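S.K.: Each chain, letter by letter, is given below.
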Amino acid sequence: MKRSKWIWAVWAVVLLCYLVPYTFLTNVAMWYGSFLFWTCAGLVVIALNIYITKDFEEHSND
Amino acid sequence: MTESMIWWSIAIYLVIAVGIAVLSRQGPAESMSGYFLGNRQMNGFVSALSYSATTYSAFMMVGLAGLTYAGGVGALGFEIIYFAGVSLVAIFGPKFWAVGKAFGFVTPSEMLGHRYNHKHVATAVSVASCIFLIPYSAVQLAGVGYLLQGMTDGAITFTTGVVMATVIAIFFSYIAGIRSVMWTDSLQALMMIVASTLVAFLVIQGLGGFSGLFGTLATDHSASLTVPGPGLFSLVTFLGLSIPWFFFSLSNPQVSQRLFMPSSLRSMRQMLIGFLVFGFIYTLVSVLWGFSALAAFPGLERADLATPSLLASDFVPPVLGVIVMIGIMAAAVSTIDSIMLTLASMLSRDVYANLKPNVDEKRQLLMGKIVIPVIALMALAFAELQLDLIAVLSVAASSGLVAMVPSIIGAFYWKRGTAAGALASVLGTSAFVLLMYATGNSLFGMPAGIWGIIVSTVLFVGVSLVTKPHQASTDAFLNAIAEELGRRKSKPAISSAPQKAPA
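If you read the protein sequences in the order shown, they are chains A and B. All residue numbers for the first sequence refer to the working numbering, where the first residue is 2 and numbers rise by one. All residue numbers for the second sequence refer to the working numbering, where the first residue is 11 and numbers rise by one.
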């Protein structure tokens with residue numbers, strides 16, 4: 002699969018960022034509820050971006 | 011902290027920042043791309059820091075902390091969705107960069123005008139951007155005003171803070187255009203990330219550590235750890251806030267213009283990843299500030315006072331408090347000066363030069379420089395109106411700028427898009443959002459933040475389908491991307507250089 006296709010994984014994370022805290026986590030009033038979920042989502046987004054843009058390195062400087 | 015300590019700190023900051031700004035000069039910039047784009051030669055590290063400083067403004071440290079204070083953890087979710095939206099740069103960044111190089115675009119609006127083969131598209135995007143971004147700049151100025159006033163118990167007034175930030179922003183823009191702005195941005199970003207993290211660490215320590223803080227929140231403010239939580243973040247409000255911000259990296263010209271600037275795609279990657287790491291830390295720190303303020307000072311009169319109260323508290327040593335305060339002021343300045351430069355480049359390139367054909371680069375640049383202080387003074391006037399919760403007003407700007415998003419996406423991915431579609435989408439949505447805000451920001455129970463993207467998409471697609479696209483400009487545009495990106499992929503620079511004369 003082309004690296005850029007992984008952008009869809011980012012969009013999936015975004016969708017989960019709406020769905021999960023407003024459904025499963027509405028009653029988890031602790032740090033390991035929505036706070037942890039969104040924090041982890043942020044880290045996953047960084048990792049995906051590092052992967053997706055890896056090809057950028059192959060372009061020569063100009 | 012004393013008033014004289016604050017003034018001295020501001021003076022020291024100014025001496026260092028002006029020094030850096032002057033050092034950033036590389037001879038007089040006589041072209042538009044020299045002054046506004048740093049000759050498309052910006053390196054990744056400075057670009058990353060500057061992109062962060064431009065995006066994360068006074069809104070972040072004052073507004074997001076305030077939003078967390080008022081609405082709880084939903085503020086983190088909202089910001090993480092924005093943050094994820096910056097991934098659009100991974101997809102659109104190389105395309106912007108390629109056409110920028112191929113056609114010599116200086117502004118994103120110029121790019122749209124060229125792609126849709128109609129000058130009015132460029133003019134409309136520029137004017138609409140001004141309408142929404144000048145209030146957005148005002149929000150940043152107001153952030154400085156609130157901060158200085160809050161931290162000095164009114165010894166430095168709101169107006170003094172606002173005027174000072176405006177003058178500094180004009181000054182930084184004038185020294186060397188985007189180069190001085192980006193270098194002073196970098197200073198500010200580095201200073202802030204260290205100082206603000208330290209503050210979060212000290213305050214959380216003071217509140218009994220991470221478990222102490224979250225223990226207090228779980229006991230006394232349990233709603234703040236969930237959504238909808240205390241009430242601010244109903245799903246509709248959350249959508250209304252986060253959808254426009256999701257598109258921020260495309261819709262806001264002061265950041266999308268940055269996609270023309272990196273010297274290479276490698277630099278662009280460094281800019282993106284650097285920004286994401288920086289933004290992640292900054293987001294968590296701001297939210298933890300808001301939570302800490304909620305645990306320590308639950309009865310504040312206004313949520314915007316969360317940050318000033320925290321910085322003036324016993325948890326933070328006065329010197330650190332002042333450093334962060336200067337950092338927040340610099341954050342507002344770094345956002346405003348970038349916006350001023352971008353708007354000035356758009357007004358001179360896409361309004362002035364389109365109204366008056368055959369204007370040379372020198373004249374355009376002169377016009378841009380004349381416009382900079384005019385924009386600043388307009389923002390100053392808005393700031394003086396002292397509108398309420400900072401975050402909400404800056405989202406009004408984002409809702410409006412969503413008007414550009416379908417035209418931008420369509421430029422790269424939809425050959426059937428037309429100038430009439432782009433014009434209808436930009437003008438129609440801008441008018442719609444303004445009308446929404448003028449009439450209470452609710453239509454069938456939904457805010458402009460949600461409606462904006464729907465209306466702009468329907469207008470763009472609908473009007474495009476009943477009008478005829480300009481085939482030649484579409485093909486030239488898309489071929490330039492394929493050529494620029496394809497050609498560079500595996501070949502060394504030397505072999506590709508002689509071929510570089512597209513369009």
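Some clues are possibly wrong.
To be verified - Here are some chain B residues the structure puts well away from chain A; computed CB gaps all over 10 angstroms:
#, residue
1, Ile90
2, Gln159
3, Arg276
What the hints assert, rightly or not - 25 angstroms max Cα-Cα, derived SDA-like pairs, lysine to any residue:
#, chain 1, residue 1, chain 2, residue 2
4, A, Lys6, B, Gln36
5, A, Lys55, B, Gln36
6, A, Lys3, B, Tyr423
7, B, Lys425, A, Trp12
8, A, Lys55, B, Met377
9, A, Lys55, B, Asn53
10, A, Lys55, B, Ile141
11, A, Lys6, B, Arg276
12, A, Lys6, B, Trp18
13, A, Lys6, B, Ala306
14, B, Lys129, B, Glu371
15, B, Lys111, B, Gln36
16, A, Lys55, B, Lys129
17, A, Lys6, B, Asn489
18, B, Lys111, B, Lys425
Please keep in mind that the hints were generated in silico from the structure rather than gathered at the bench. Fair warning: this is a prediction, and the values are worked out from it, not measured in the lab. Glycine residues also receive a C-beta, built at the ideal position from the N, C-alpha and C atoms.
S.K.: Flag every earlier hint the structure violates by its number, smallest first.
M.R.: Violated hints (numbers, rising): 1, 3, 4, 5, 8, 10, 12, 13, 16; every other hint is consistent with the structure.
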